[in-house]
Each structure stands twice: as C-alpha cells, then as structure tokens.
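With the hints as your guide, set chains C and U onto chain G.
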Amino acid sequence: MILFEVFLNGLLLGGMYGLIALGLNLQYGVARILNLAYGEFFIGACFIAFFTITGPWQLNPLLSLFVSAPIAFAMNWLIYQYLMIPLIQRAPDQDALDADVVLVTFGLLFVFQGLALVNWSGDLRGYSFLSVPVHLVGAIMALNRLLAFLGACALAVALFLVLRHTRFGSALRAITIDPVAASLVGVDVRKFSALAFAAGGALAAASGMLVSTFISFSSTTGVEYTLKALIVVIMAGVGRVTGTLAAGLLLGVVESLGGYLVDPGLTIAINFALFMLVLLVRPTGLFTRA
Amino acid sequence: MALGTIVLVLLPLFASNYVLSLFILLYAYVALATAWAFFSGATRYISLATAAFFGVGIYALAIAHVYLSIPLSLLAAAVVGFLVAAVVGLSTLRLRGVYFVVFTFGLTELVHQVINWAEIKNRTVTRYIFTDVSNVSIYQTLLAAALLSIVGSWYVSRTRLGFALRAIGEDETVARHTGVNTTMVKILCFAASASVMAFVGAVLALRYSYIDASIAFNNTWSFQVLIAALLGGAGRAWGPAVGAIPLVLLSEYFSGTFPRHFPIALGLCFVVIVYFLPGGITPLILRAYHSFDASRMLRVLRTGRLPEGSELAGRFRAGVARLNGRWKI
Amino acid sequence: MDRRTFVKGSAAVVGASTLPHRVYAQAAAPDKIRFGYSITQSGPLGPGAESTSISQYRLWQKRVNDAGGVMLKKFNKRVPIDFVAYDDQGKPDELLKLTERLIQQDRVDMILGPYATHMNLASAPIITKYEYPVIMTTATTTKTYTLGPKWPYAFWNISQPEESTQPLSQALAQLKKEGKISGRVAVVNVALEYGVEMSAAFVEAAKKDGLEVVLNKSYPLGSADLQPLLREVMASNPDAFLAMSYPPDTFMLTEQAQIVGFNPKFMYVAIGGVFPTYKGKFGNKVNGILAYGGIDPGAPGMDEYAKAHLAVLNKPYEAGAVNVYSALQVTQQAIETVGEIDRKKIRDVIASATFQTVWGELKYVNQRNANPWAVGQWQNGEIVGLHPSNKAGAKPLLFPKPAWS
Numbered sequence: 001m002i003l004f005e006v007f008l009n010g011l012l013l014g015g016m017y018g019l020i021a022l023g024l025n026l027q028y029g030v031a032r033i034l035n036l037a038y039g040e041f042f043i044g045a046c047f048i049a050f051f052t053i054t055g056p057w058q059l060n061p062l063l064s065l066f067v068s069a070p071i072a073f074a075m076n077w078l079i080y081q082y083l084m085i086p087l088i089q090r091a092p093d094q095d096a097l098d099a100d101v102v103l104v105t106f107g108l109l110f111v112f113q114g115l116a117l118v119n120w121s122g123d124l125r126g127y128s129f130l131s132v133p134v135h136l137v138g139a140i141m142a143l144n145r146l147l148a149f150l151g152a153c154a155l156a157v158a159l160f161l162v163l164r165h166t167r168f169g170s171a172l173r174a175i176t177i178d179p180v181a182a183s184l185v186g187v188d189v190r191k192f193s194a195l196a197f198a199a200g201g202a203l204a205a206a207s208g209m210l211v212s213t214f215i216s217f218s219s220t221t222g223v224e225y226t227l228k229a230l231i232v233v234i235m236a237g238v239g240r241v242t243g244t245l246a247a248g249l250l251l252g253v254v255e256s257l258g259g260y261l262v263d264p265g266l267t268i269a270i271n272f273a274l275f276m277l278v279l280l281v282r283p284t285g286l287f288t289r290a
Numbered sequence: 001m002a003l004g005t006i007v008l009v010l011l012p013l014f015a016s017n018y019v020l021s022l023f024i025l026l027y028a029y030v031a032l033a034t035a036w037a038f039f040s041g042a043t044r045y046i047s048l049a050t051a052a053f054f055g056v057g058i059y060a061l062a063i064a065h066v067y068l069s070i071p072l073s074l075l076a077a078a079v080v081g082f083l084v085a086a087v088v089g090l091s092t093l094r095l096r097g098v099y100f101v102v103f104t105f106g107l108t109e110l111v112h113q114v115i116n117w118a119e120i121k122n123r124t125v126t127r128y129i130f131t132d133v134s135n136v137s138i139y140q141t142l143l144a145a146a147l148l149s150i151v152g153s154w155y156v157s158r159t160r161l162g163f164a165l166r167a168i169g170e171d172e173t174v175a176r177h178t179g180v181n182t183t184m185v186k187i188l189c190f191a192a193s194a195s196v197m198a199f200v201g202a203v204l205a206l207r208y209s210y211i212d213a214s215i216a217f218n219n220t221w222s223f224q225v226l227i228a229a230l231l232g233g234a235g236r237a238w239g240p241a242v243g244a245i246p247l248v249l250l251s252e253y254f255s256g257t258f259p260r261h262f263p264i265a266l267g268l269c270f271v272v273i274v275y276f277l278p279g280g281i282t283p284l285i286l287r288a289y290h291s292f293d294a295s296r297m298l299r300v301l302r303t304g305r306l307p308e309g310s311e312l313a314g315r316f317r318a319g320v321a322r323l324n325g326r327w328k329i
Numbered sequence: 001m002d003r004r005t006f007v008k009g010s011a012a013v014v015g016a017s018t019l020p021h022r023v024y025a026q027a028a029a030p031d032k033i034r035f036g037y038s039i040t041q042s043g044p045l046g047p048g049a050e051s052t053s054i055s056q057y058r059l060w061q062k063r064v065n066d067a068g069g070v071m072l073k074k075f076n077k078r079v080p081i082d083f084v085a086y087d088d089q090g091k092p093d094e095l096l097k098l099t100e101r102l103i104q105q106d107r108v109d110m111i112l113g114p115y116a117t118h119m120n121l122a123s124a125p126i127i128t129k130y131e132y133p134v135i136m137t138t139a140t141t142t143k144t145y146t147l148g149p150k151w152p153y154a155f156w157n158i159s160q161p162e163e164s165t166q167p168l169s170q171a172l173a174q175l176k177k178e179g180k181i182s183g184r185v186a187v188v189n190v191a192l193e194y195g196v197e198m199s200a201a202f203v204e205a206a207k208k209d210g211l212e213v214v215l216n217k218s219y220p221l222g223s224a225d226l227q228p229l230l231r232e233v234m235a236s237n238p239d240a241f242l243a244m245s246y247p248p249d250t251f252m253l254t255e256q257a258q259i260v261g262f263n264p265k266f267m268y269v270a271i272g273g274v275f276p277t278y279k280g281k282f283g284n285k286v287n288g289i290l291a292y293g294g295i296d297p298g299a300p301g302m303d304e305y306a307k308a309h310l311a312v313l314n315k316p317y318e319a320g321a322v323n324v325y326s327a328l329q330v331t332q333q334a335i336e337t338v339g340e341i342d343r344k345k346i347r348d349v350i351a352s353a354t355f356q357t358v359w360g361e362l363k364y365v366n367q368r369n370a371n372p373w374a375v376g377q378w379q380n381g382e383i384v385g386l387h388p389s390n391k392a393g394a395k396p397l398l399f400p401k402p403a404w405s
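Just so you know, the sequences run in chain order G, C and U. The first sequence stops at residue 290 when you use this note's numbering, and every number in between is there. The second sequence stops at residue 329 when you use this note's numbering, and every number in between is there. The third sequence stops at residue 405 when you use this note's numbering, and every number in between is there.
Pulled out of the complex, with its shape left as it was, chain G reads as follows (with noise of 0.2 Å):
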C-alpha cells in the first residue's frame, strides 16, 4: 500500500531530521551556544565522504567518519574553548550571550563557507552508495536512507544511554538545568560544556556523512541544515537530546503524509506550518516539563 510506504518514508525522512538536529541540541542545550556554523561541519563531512569515495582511494565513505569526527571534535573544542568562553564570561545574561554568540558563529559561518567555496567551488556534488531498494511488507525503501535512519537511532539511543547511565551524562543534564548549581555541586562546568559542545560538533559530522549517501550537497548548503536543525530542536525543547529523534520523526511523518494527501508542493510549508503549530502551543517544546 502506498500509503504505508509514505508513512514509512516519513519516519527515514524524519529520522534524518531528528539525526542532524542532536548534535545542534547538546551544543545549545548543554553549552548554551547557538552555533549557527553547525551546518557548515556538516557540509565539511559530506564532502570528506565524497572525496572518500570518489577520490583515488575509492573507499567506503563510511569510513570517512574516523577522519572527520575527530576534526569535527577539535574544531568545535577549539572553537569554544578560544571563541565562546570569552563571550560567555562577559555576557550578563543568556539574551545577551545569544546575540553575541549570533554573530560570531555567524560570522564563522562565512569564513568556513568562503573556504569551501574557495577550495571546492560552488559545484553540486553527489555520489551513489548503497542506493538500492530494500523491500519491507510491500514498501519500498532506500538502502541508503535506511542506514541513516538507523544511525539516527543508534546515535540517540547511545546517547540516553551516556546520559542516563554514566556520570559524564549526569554532568551534562545537572548543566542543562542550572548551570550554576551544577557548579555549587562540584562539576566543572567549563570542562563539560566543552566536551559537549565538541560532541555536538562530531555528531554533526557523523550525520553529514550518513546523510550524504542520499542527498546532493554543495558549499553553500550548509545553512539550509542548520535551521533544519534548529527547528528541530526548538519543536523538541532545548536541552530534550532524547526527545529530539521524537521531534523529527513527527516533523517527517507529518511532512510525508501532509504532501502525498494534500499537495506535493506544500511539503515545506506543512514542515514550517507544524513546527509553528508545536511553538504556538507549546512554547518551550513538546518535551519539557513546563
């Protein structure tokens, strides 16, 4: 049935979304940094898989992974330990810090993109891998889109787990609540916001490289994953990690439906129109608390 294939398609598009959008969630939900540069780490991991398999070595571009996670990981610690603390330790408030932080992550967003466009020009670029069709009860699905759905949940479910289960994940959610009472009880704060924010900088890495087994990519795309991300996060609750994947997989299914039902041509305004539905009713996302 056709319409089980929409809904199914849905949940791998949803799970994309949800995957692209963890990293984003512990760099502003436990560092409190919105990195609007967070696309462009990405972008970058898209294309070191690229060049991975279309360059002389031919490899997996899988294993693109073991090179641009770790460089994601420095950058990203990198950058918050010599960009962001600064910020932090004069902001007076957490508007503030967000206004200041806008623009300098902003205005890291167009050094990291004149670079790629410097480097590797403005050209489209795809490549095929694992773009076969599975067949599950009738639904056809791409191979490709499968992995990356499936990473999407091995991502998150390793990441309740870190955070439930180990003492680093205590530390990052007594930060996420109060940072300063996660102080007052003796956790470094400053260490851990690192660690997470380089994190969140290496899980997007890990997504862009999933994610460009399937989708065509170019310098100047990186923004558009960005507020994907953004989105994804607003509509599950900054600092929700775990509801994240949750949020997506709404977003997608929603998406999928809405367009195959109603019209092909709405699919982004329904996208729009329900991540404005979930602020207008839940203004602090759909997993919180309050």
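Calculated from the structure, these hints are not laboratory results. Just so you know, even glycine gets a beta-carbon here, dropped at the ideal spot from N, CA and C. Mixed in with the good hints, there may be bad ones.
[Unchecked claim] Derived list of chain C stretches under chain U, where covered just means 3 residues or more per stretch with a C-beta under 8 Å from a C-beta of chain U: (1) 9-18; (2) 50-61; (3) 109-122.
Showing chains C and U alone in chain G's frame:
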C-alpha cells in the same frame, strides 16, 4: 548633522550613478536596521522576519503597480506590511527568547512557500516590474525613509509608547503588572517596523525588472540587518544607522577587492568586531564624544605624543591587559 | 637652428608622415581590453554560477591570452584581456550597484553577463542605458520574445520554454503515431519560475499534439524526499516522464526513480541533467535520459575546447556551459570584425552577423538566438543535441531509454 543632511540631499547633483546606487543600498540598510531596532532593540524580541516583510513589500509593489500609480503602490506595500505583521503578531508575540527568533525565521520560509504555491496555482509565478523610476528618485525616497525612521524612532523613544517598549524589554511581567498593555504595544510597534521594511522592499524592487518568490524572500536580508543593528548598537535611535555604514562599505570593499574571498573576509570582520566592539560602535562614539577635549587634542597634535597618564593611554594599556587575561585558559 | 638640422628635421618629418599608418596608431592602441563582470560567487543562489559561467570566463581569457589576445585590426595588434570581477551575492541590488561601478568607476571596455534569469533581466536596463552590448547566457523566460526592442543592447542566447518543450511534445506525438507509446505523459516541476513556465509550455503543446497529460504536479525546491511524488507518478502509469527540475531535484528524482524501479521509456530532466557530476554519480545509467540544452560534440573547435577545459579547469566540459563559451566567442569575433572597442558597432555586428562557435552556428534575430540547441540526450556517455533537428550535428532520439539495471 544638518550640514551632513544637506550634503546628502544634494549628492545626486554631482555623484555618479554608481555612488548613488551605493548610497541607495546604504539608506535601505539604515531604514531597515533602524526599523528593526525600533522593535527588537527595545523589547529584546530578536526578529528574523525582516526578509519576510521585505518580500511582502516587493510582492505588494509587483501586484499593485499594475493597477495603481507608483507612489500609491509604495504606500500600499507599507500598509500590507503593517497588516501582515499585525496578524502574525497577534498569534506569535507570546513566544519569548530564542523561540521567537526561530519562529520569525520560520515565518519567512512559510510566507515564501505559501506565496510560491499560490502563485503557481494562479499560473503567475513571475512578475515583471518595468518602471522608469530614476536612480535619483529612488535615492531621494530612501534617504527620506532613512531619516524619517531615525527621527521617528527617536521621537517615539521619548514618548510613553517608547517607555512602554523599553519596559517590556527590561521585564515584561513587571511591565504588564504596572498597567502597560503589552500585547497592544508589541503588536503596534512590530507592525510599524514591518511596514517600513515592506516600504523599503517595494522601493528597491522598482529596479528589479523581474521577481519570483525565492528572489523576494531572501534570508540574507534578515541576517545582514540584524548584524548592522547589533554592530551599531541598538541603544540609540541612530545606533543602527552607524552600524549599517561599515557593513555596506566593508561589503563593497571586500566584494571588489577579494571577490572570491568575500565571505571569508566578511566573516572574519564580524568575529573581530564582536570581540573588540561589544555593544556595538555606539558606546565608542558616545565615549569619544564625551571625552573630546579640544585643547588636549591640540596638544597631542603639536607634540605628536600622547600626554603621560592620559585617559587614552591608560585605556589602551588596560585593554591590552584585558585581552591578555581573556586569552589565558 | 642651422640648415643641416633643419634639413634633417624636415626629412624626418616628411619621412615620418609617409610611414605606414600603424606606427602612429600603435601609440594609441590599448594595452589591455578590460572586461568587467558582476556575478554570483557566494551565497545560496545556485552552485551553478561557477560551473556554468565563471569557469568559462576564465578558460576563455586564458585561451585568448595564450594566443596573444584579441586582434584589433585598427591597430594591427593583438591585445590581451583583463578582468575586473565582483561578487553580487545573488542579490539584484548588489548587481545593479556593481554593474554601475564597473561602468562608471572602473570604466571597463566591455561587460560580461551575470548568472541566472532574474539577474540577467535586472542588468539589462543598465547595460542598455550605458550602451554596453551583453549576451545574456543564463536567462530563460517567455518574455524575451518581446524584450528585443526594449533593451537593444541585450542579447538572449538560450532556448525559451516553448522552444525547449515543443520538440519534446512533437517527438512523443510521433512515437504515439508509430504505436510505440500510448501517449500518457506525467509532468512534474520545481516550484520556481523556470519549472512553471516549462511545465505550462509543455502541457499546452501536449494538448495540441494529442497527448494525454495524466499527472501535472509541482514540488518545492529543497524537497528532501521525492519518493511519494514518484509513487504517484508511477501510479498514473505513464510512458513518458518529464521533470522540469533544478539540479538538486534532478539528482534526487533520478536516484529515487531507480530505487522504486520506475522505468519510463522516455525520461526528461531539466537543469543539471547535463552536469558532469550528474554523469559522475549515475555513470552509464544516464544514457537515454533527455535534458535541457544540447550540443554538437563534433562542432568545429569542440575538440580543442574539450582538451583545454581539462587542462585549464581540471574537469570535463559541461554541456550547459558550452553556451556561455559560445557567447564569449561571439563577443570576440564581433570585436575583431569591428577592429576596435566601439561598443555601438560591436552591438550592431552581434545583431546582424552569423558566427561559428563551439555551440554551432549562431545568429541573432531581434537579439534572440535564432536556433539554439533546445533538447539534448545522453548517448554513449556524452551529451548530444537532438533539437532543432536541422542543426549540424543533431542526432536522432534514442528510444526507449534503457532500463536502469
């Protein structure tokens, strides 16, 4: 100030079309940034919907100029911008902080998609705007718009309405409890700033020849206006204008000198500006203005040296020390 | 002054005045021809500007300068080309200002066109006002039929929606007549000006040619998943599938059609279908797919062009960019015909002469390219031109499109 205004008004007489175009863009940014800061600066509701209202203005002009005269079409654009913002405001000004920010960004996309879809259903996805309006007329109109925005913003800030706006920005709950009709104030001012944005969009569109939804709704307007306003400092009515000037001039310089590296250079500029000019340029100007001492300046010029123990030298040394401290981890 | 000096002096003067004209002229010849262009080098507006236009500008400059430059016969000298380039960020306001800057501040000799329909159209009034002839290479809109007299200095190089879609409809009608297809056609388009105009033009032609349009839907640019749409297309059971698409969706539709096993015998994609990266991604599966634009790989000069493209730009040529290169060749030939930088004369030459370029023979009627390549197809791993079928190098339609596997 008055002399400067006279010079600007007379500029078309002796400047080339290129310079006029540059100033046209500058005035557009000044008007947009001032309008933006009028609402968002005071109330701290950071809006990324500039591009939405700007685009609405373009579309209103494109449709209206077929039936109405150009001045009436421009007016229509401003009115449409006002109404759209009022409707949007009614439903969304309950959101706060980053939620409001992201929502306004989503709004731009939503309006873009809806108009696109509506145009396609009507089989008129593109609209042509062939007008004979000269560069000079556009220049004068936007100069007037920029000046009026600044004056208007300044004037309102001295009235009760302005006070109410700032009160909302300080603490909205308290403002409401002291009798301010926060909903009315927010919607009114949000809509007023949107009507200016729509007007500017409409004026610029007179030269476009050809539009469709993706051209009209371009998010970079939202970002660049935000940058101009924050760069200048939203504390004074003329703050955003001061921010718009380096933004436009720097962009012009970079796109000419490093066309391929323009984004990198601009990005680095923003990063540098945030670190060395927090609060924007306005505080710098205010400080310089207040500490301007003619006799001391003459002494510096005559001797070629900063006087010992001068405030400037002290501040310079303190600044360096602060930087050193900041970068130590 | 004594007599000897006087005689020597007058001899010199007389002698000098009998020297060929060129000696004096050489003193006045320009040492460079300055071309200016404002084009989208950054920002979200299309990754295509670099690939389609800017790369061609650079390649052309290198090849021309390696040969010594453009021949200005008035001075009997070859003069190299210099560029003044700006980034307009895809915004019409920037383009207008920068074009004026090129003309009034930098005082360039000639102007090259910007990228994308709305940018080409925005710049047309200005270049006409200052009388700089420019060939617009990336503008496609039905209005260009009427824009000739309005903007005498703007020339339009590529095929318009009707020219691009009528041949498709006619080819399908012919196949139907031969009993090879049933005449059921599905059309989808990206929700932008280009997509809508192409789709509207095709549907109108299809109705006249007696085809049955069983599906006609649009989707937004930036759609993340077009599989549901493709399912709808499949469900309508068409023989022919036409997608008036932009590069990201061109790629996505092709990939997802393979995933769901949709194998139309006749498949058309629009922008991006001729990109080398399209072939790079899909390999031999592109064979049989039709696309917007076409070329004659055997046109005179194509071999050298292809070699130079690889050598200078490090990548194979893109069929869509060949049109841009041809406009540059026209510009050069027009300048050489006139012999000097006289923009009015250059404009008149472009408007009246016939040119031989890598894109075939070019002639402008009412400032529109009279016979541009409109439809191409991947055959044996390269893009060839199918329509207009009376152009040199036109190939017959490869039908049916081979199945994906």
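Comparing the hints with the structure gives:
Given as covered by chain U, the stretch 9-18 of chain C passes the check, having 3 residues with a CB less than 8 Å from a CB of that chain where 3 are the minimum. Chain U is given as covering the stretch 50-61 of chain C, and this is violated because 0 residues of the stretch bring a CB closer than 8 Å to a CB of that chain, at least three being needed. Given a C-beta distance limit of less than 8 Å, the hint that chain U covers the stretch 109-122 of chain C holds, as 4 residues qualify and 3 suffice.
Violation of the numbered hints given earlier is confined to hint 2; every other hint is satisfied by the structure.
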